[in-house]
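Enquirer: Chain by chain, the residues run as shown.
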Amino acid sequence: MSLEFRDRALGKKVVRLIHSLMLDDAVRIMHVCGTHEQTITKHGLRTLLPLNLELLSGPGCPVCVTSTKDIDEAIFLAKSGATLVTYGDMMRVPGSDMSLAEAKADGADVKVAYSVNDAVRMASNAKNDVVFFGIGFETTAPSNAAAIFNKPPENFSILISHKLVPPAMDALVGDGDVNFDGLIAPGHVSTIIGTRPYERFAGMGMPVVVTGFEPLDVLFAILMILKQMRKGRSEVENEYARVVTEQGNRKAQELMDEVFDVADAYWRGIGEIANSGLAIKPKFCQFDAREKYDIDVGEVQDLPLGCSCGLILTAKATPEECELFGKTCTPENPYGPCMVGAEGTCHNWWKYGRYGVE
Amino acid sequence: MCIAIPGKIIEIGADKKVATIDFSGVKQVVRLDLLGELDDGHIGNYVLVHVGYAIQLMTQQEAEETLKVFHEYADAMEKELQGKST
Ligand code: SF4
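In order, the protein sequences belong to chains C and F. In terms of the working numbering, the first sequence opens at residue 17 and continues consecutively. In terms of the working numbering, the second sequence opens at residue 1089 and continues consecutively.
Keep in mind the hints are simulated off the structure, nothing from the lab. There's no promise every hint is true.
What the hints assert, rightly or not - Keeping only pairs whose Cα atoms sit at most 30 Å apart, straight-line, the calculated DSSO-like set for lysine-lysine is:
hint: 1; chain 1: C; residue 1: 267; chain 2: C; residue 2: 299
hint: 2; chain 1: C; residue 1: 267; chain 2: F; residue 2: 1096
hint: 3; chain 1: F; residue 1: 1167; chain 2: C; residue 2: 247
Stated by the list, open to error - Residues from chain F shown here face chain C by an in silico Cβ test under 7 Å; the list is partial:
hint: 4; residue: 1089
hint: 5; residue: 1090
hint: 6; residue: 1091
hint: 7; residue: 1100
hint: 8; residue: 1101
hint: 9; residue: 1139
hint: 10; residue: 1140
hint: 11; residue: 1143
Note that beta-carbon positions come from the ideal geometry of N, C-alpha and C, so glycine has one too.
Bound-form chain C, shown alone:
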């Protein structure tokens, strides 16, 4: 038994409906989740859509938007004697001079873990200081709040680098040259935050549909956005009601409020976005790696020279428009952050092709 959500005949019907409902003018729909991009490219959804309907990929790859400074800080800590624990996705992302994987090859103590709990366990079993690299969006932040709230051992701390999705959407929708007509909101971020934070975008005339990760989910979201556009409406609709509620996960939100303050954050390739990040509250400062250690990383290089990740993350360019795509930059040898992991747009376009040809 599984909770799979696939039905070929229904999928075909939804595609037919999308074609029937399509407007005469071009339509551009943006999603802000790397996992949505993976669903779209892997299943070749773009091939099924009307030619003048474009699916754009926004800043939804947490690994890609982690600032170079944060990566440099992680490398600094790993090189100065602490055990730096990170999610595997982060290992090969280039910092200013090197990646965590390269630092490890150089002798720094870098370990990969699946969960912050693994890092807490490592700290309990070691005398050495253990620092967990806390990246990710609202889906991931509550786990780190819980780890801190549960009083981990003294030799444990977190290098916090979380990003919040709605403020990034604010920046996109508030951008003078908004280049899209509807938004697909990320399903698992919304499991935590609920659907309410998107109301303000609907208020600004933007149809929003919160969506899951099966191909059918994404197709339905497109259909729902087209239907809203046809009727001249802009609302928040919840396609992913099987796990997303209006209020979201209250318990997770409370834990985040207890442990974190909202702070400004730097999105790699995009820049600083107000109130789009988290900082550890002063009362938990003993678990804040930035308070605990004197970190000095010097000059930081945002993106490697010639990498257009910033434009790709804001859907102002496609990977194919980057001269390095598939040449200097491949999944085997990623040059820029968008080529590294399964959520990077460049990575997915290289692996599956724009139209999902495997």
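Fit chain F with the ligand to the supplied structure of chain C, relying on the hints for placement.
Expert: The following block gives chain F with the ligand in isolation, referenced to the frame of chain C:
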């Protein structure tokens, strides 16, 4: 990274802080900090798990109902469109 995976609750820990979850045969112990109190009555239910934490309680019924609702949605829309063209 934001992907969360559904699995079935097969055991709740004595301290109610963890549960054993079955992901189609692969068993894993996950933390329940983000869900509030669960008890043995929840065994057999599904949870959505992300980086070792259960982040949402869900039921098989909900997934099946969604599919039903979506069939109805598509059917209704098809009828509406046909109504317009004839
Ligand atoms: S192909 Fe590589 S270098 Fe070009 S934008 Fe993508 S990640 Fe950057």
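Enquirer: Taking the hints in turn, state whether each one holds.
Expert: Do the hints match the structure? See the list:
1. Restraint check for residue 267 of chain C and residue 299 of chain C: the C-alpha separation of about 20 Å stays at or below 30 Å, so the hint holds.
2. Taking the CA atoms of residue 267 of chain C and residue 1096 of chain F, the gap is near 21 Å; set against the 30 Å cutoff, the hint holds.
3. Note on residue 1167 of chain F and residue 247 of chain C: the hinted pairing holds, with a Cα-Cα distance of about 17 Å set against a maximum of 30 Å.
4. With a cut of 7 Å, the hint placing residue 1089 of chain F at the interface with chain C holds, because the nearest CB-to-CB distance is about 5 Å.
5. A distance limit of 7 Å between C-beta atoms decides the matter here; for residue 1090 of chain F the minimum to chain C is near 4 Å, and the interface restraint holds.
6. For residue 1091 of chain F, the shortest C-beta to C-beta distance to chain C is roughly 5 Å, which falls under 7 Å, so the interface hint holds.
7. A cut of 7 Å between beta carbons decides the hint on residue 1100 of chain F: the least distance to chain C is about 16 Å, and the hint is violated.
8. For the restraint placing residue 1101 of chain F at the interface with chain C, the shortest Cβ-Cβ distance is roughly 13 Å, beyond the 7 Å limit, so the hint is violated.
9. For residue 1139 of chain F, the interface hint holds, the least distance from its beta-carbon to any beta-carbon of chain C being 5 Å, beneath 7 Å.
10. A least Cβ separation of about 3 Å between residue 1140 of chain F and chain C falls short of the 7 Å threshold, and the interface hint therefore holds.
11. The beta carbon of residue 1143 of chain F comes within 6 Å of a beta carbon in chain C, closer than 7 Å, and the hint placing it at the interface holds.
Hint violations for this structure: numbers 7 and 8, all remaining hints satisfied.
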